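Protein chains: 2
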Amino acid sequence: MEYLTGVKKNETMEISQLLAESTPGDRVKVHGVVHTIRDLGTVAFVILRKREGLLQCVWESGKGEVNRKEIREAASVEVTGILEKNPKAPEGIEIRMETVRVLSTPADGQMPLPIAKWKLNTSLEAKLNYRSISLRNIRERARFRLQEGLTRAFRDYLYGQGFTEIHTPKIGARSAEGGANVFKLEYFHRPAILQQSPQFYKQMMVGVFERVFETAPVFRAEKHNTKRHLNEYTSLDFEMGFIDGFEDLMAMETGYLQYAMKLLKQKYEKELDILEISLPDVSRIPAVRFDDIKKQVSQTYGRQIRNPFDLEPEEEQLIGRYAKEAWGSDFVFVTHYPSKKRPFYAMDDPEDPRYTLSFDLLYNGMEITTGGQRIHEYDRLLQKMESRGMTGEGMEQYLLTFRHGMPPHGGIGIGLERFTMMLTGEDNVRETTLFPRDLSRLEP
Amino acid sequence: MEYLTGVKKNETMEISQLLAESTPGDRVKVHGVVHTIRDLGTVAFVILRKREGLLQCVWESGKGEVNRKEIREAASVEVTGILEKNPKAPEGIEIRMETVRVLSTPADGQMPLPIAKWKLNTSLEAKLNYRSISLRNIRERARFRLQEGLTRAFRDYLYGQGFTEIHTPKIGARSAEGGANVFKLEYFHRPAILQQSPQFYKQMMVGVFERVFETAPVFRAEKHNTKRHLNEYTSLDFEMGFIDGFEDLMAMETGYLQYAMKLLKQKYEKELDILEISLPDVSRIPAVRFDDIKKQVSQTYGRQIRNPFDLEPEEEQLIGRYAKEAWGSDFVFVTHYPSKKRPFYAMDDPEDPRYTLSFDLLYNGMEITTGGQRIHEYDRLLQKMESRGMTGEGMEQYLLTFRHGMPPHGGIGIGLERFTMMLTGEDNVRETTLFPRDLSRLEP
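Same order as they appear, the protein sequences are chains U and D.
Per the working numbering, numbering of the first sequence is gapless, rising by one per residue and ending at 444.
Per the working numbering, numbering of the second sequence is gapless, rising by one per residue and ending at 444.
Just so you know, the hints here were simulated from the structure itself, not pulled from any lab data.
Please note that a few of the clues may not be correct.
Identical chains share a label here; the pair holds if one copy fits it or two copies do between them.
Claimed, not checked - BS3-like cross-link-like pairs, simulated, lysine-lysine; straight-line CA separation at most 25 angstroms:
#1 K223 to K119
#2 K184 to K9
#3 K340 to K9
#4 K324 to K88
#5 K227 to K85
#6 K223 to K184
#7 K8 to K262
#8 K184 to K29
#9 K8 to K265
#10 K341 to K267
#11 K127 to K295
#12 K119 to K267
This structure is a prediction, so every number in the text was calculated from the model and none was measured.
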């Protein structure tokens, strides 16, 4: 029997440790994967890929005990050597190799994609087909570090605002909300579906925890084949009770965005540099009515309004453009969406029930959030359902929750991959999805 | 157009604010749900349920402007009044009501379960059938706050250890690993499955980020109907590269447990008090070999070994008992599980390939973690698969990853609901699952 007492400090050092704890001339030990080798005959630059970035190691013929032939691209190695400054090397440091221990050798060091290039100019198709390889490229993987930052900020900020994190089931019975766009499966000889949103559950939990959030996958069996749709994505959802109006939801999301940008700046500066991203200003975000901004962009950009009750993607882009030109903002809340375009649980505007107390958030003209106040009174909920010809079948527990009292409440859902796409300036949401699921893609 | 600039401080106060920022005699405003009313005729104690706990409000006939009849159980209200000390009230404070504003009235204030009782002595079946109601009970909901703490600690600790959070797809193509225990669905006219673990994906991402974790649902179509199995649960998974051995994984998990207990003590003291939980000592966790401890408990407790290559639940309980009696520990790592009981990717022990470099973590005799070192060399992986009669069908991308080089690595998966069950001393995992999915339960 032995005791485990926790993590001991590693002998091998990370890049940040080399920079903070070592000085030139020190003998250090590091591990990493051989990202690429620049071989000049009697000298070779061996670039290690580490989790924090790239690290240059230098082999010189006749120096140290390193057998140059042992060092192959894609091998995992442990290197000891002397740390030196070198302004031309990544992070301004390099290691003069003394010994190398090969931990793992690839069966095939010839990568199917040129991952060692700074920019991986390969087709999206190829990148997705070889996902575990293409992401070994420094720039490709950096996007997912920023995605981590967005998720992490969401949770940290909401913990601080008194929210409770919940885990709601993804397999469920059929419900009225779903319609045709749900994936169906068999659950021990019973028909079941994959949840397309945690909506009902998070509302039910508002009656328990008052403020809840979830960061989890959602599933949409939509037959869209666009650059901005996925059939499975990560949804950052919150729902909060005791709101005075849907403005409280927009304020909470603005607070999150401010916190997220601060966190990215503090903890993900390296990735922002790698991708040359300057963070958007979220100190204030304009909010405009759906009908007003629709007219405004129609006038400003001379585009005819085809459907007064819906926004086409091109209109969203123009609204984004207008927000930038008129208010200098990359973000804009569009409020009071038409009732017929919102689900039954959306609260209608008492001043004009054709519209709802709801909103979308556009980021450079792309919808990344849908939110709004929900109906909290049982009788009104039943009325609204009736007016839409819905029955309560499969929604018994949801309705029961309202029957026994619910505070005024509302919430939002953010599409994480889309948000990351806009932040990183990509034009296809698959670029910011580790393993996308779309009409044609079920693997890897 | 208006600007959103973030969250403004609420006029209404939370319990922690009342305790920290107010003094007796202050006029304060709070909101909450009327949890219960104790009516003494000319005086009534109105207990509000707030997200941080219970708050006593006092109505007195003839004082203030409150219409007593307006106040109903399960109503959402906003109360103003004078804060006073009262050692008999929750948190030692109460509010003498001056005004009340009813924000929402229940259609039916008669709860289907007696949620205002301190202990909800209702059958598990009834609690699950009325999940959104039963969790309104203070003790019932407290368990899920602790569950939040365990998840939060997992992420926070691993961020600090250089891990990257990933989101891997839950819908996938059929793979060899799955076997019979996977849920099947139709994905745009193609056969698909729900992932029973992020195993392949997190290994593939070790080649990219070196250290990764995920906290997400997994799906098991197992026909178990026990107190400790669920068909959908939340898995806390990590995988890390450049390990020296599987001991590094146990050390990392021990570090997590230490961090988690510290976080619970710091931020979830209220819930620990409500549930009368004293946290386990995780300063050191014993690790014992599978074959040794099996013999040990057989001798100590006189139980015959039926199958030398497997642990029965009763044996796990005895191991837990032994760890407590011999080493004073609620936790024990059991190492070197037999190869035939581990998946193909488990690394066999070079000293005795009948066993693997893997482990389970038992908590009071219940398995809450499975982990181990994985095979990282392509050729050995193929050999192991061949020896088990497996083909690489559906695993092309997984195998390709190894073909192009992978560091030595391993990881673990923790069952969140089970861990919470053991921490809270429950004997059924459904007690610590918001909305359990089992053989018979697909709703709510």
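Hints, verified against the model:
1. For the homomeric pair K223 and K119, neither the shortest alpha-carbon distance inside one copy (32 angstroms) nor that between copies (49 angstroms) is at most 25 angstroms.
2. Neither within a single protomer nor between protomers do K184 and K9 lie at most 25 angstroms apart by alpha-carbon distance, with minima of 48 angstroms and 44 angstroms respectively.
3. Within a single copy, K340 and K9 get their C-alpha atoms no closer than 59 angstroms, and across copies no closer than 34 angstroms, so neither meets the 25 angstroms cut-off.
4. In the homo-oligomer, the alpha carbons of K324 and K88 never lie at most 25 angstroms apart, since the shortest distance is 39 angstroms inside one protomer and 58 angstroms across protomers.
5. In this assembly of identical chains, K227 and K85 lie within 25 angstroms of each other by CA distance neither inside one copy nor across copies; the values are 44 angstroms within and 60 angstroms between.
6. In this assembly of identical chains, K223 and K184 lie within 25 angstroms of each other by CA distance both inside one copy and across copies; the values are 14 angstroms within and 20 angstroms between.
7. With identical chains, the CA atoms of K8 and K262 are at most 25 angstroms apart between copies only, with a shortest distance of 18 angstroms across copies and 31 angstroms within one.
8. Taking the shortest Cα distances, K184 and K29 never come within 25 angstroms of each other, neither inside one copy (53 angstroms) nor across copies (48 angstroms).
9. In the homo-oligomer, the alpha carbons of K8 and K265 lie at most 25 angstroms apart only across protomers (23 angstroms), although the nearest pairing inside one protomer, at 29 angstroms, exceeds that limit.
10. When the C-alpha separation of K341 and K267 is checked against a cutoff of 25 angstroms, the pair qualifies neither within a copy, at 39 angstroms, nor between copies, at 42 angstroms.
11. Taking CA atoms no more than 25 angstroms apart as the test, K127 paired with K295 passes in neither setting, with 41 angstroms inside one copy and 52 angstroms between copies.
12. For a Cα distance limit of 25 angstroms, the shortest separation of K119 from K267 inside one copy, 23 angstroms, qualifies, whereas the shortest one across copies, 44 angstroms, does not.
In terms of the numbered hints stated before, the structure departs from hints 1, 2, 3, 4, 5, 8, 10, 11, listed from lowest to highest.
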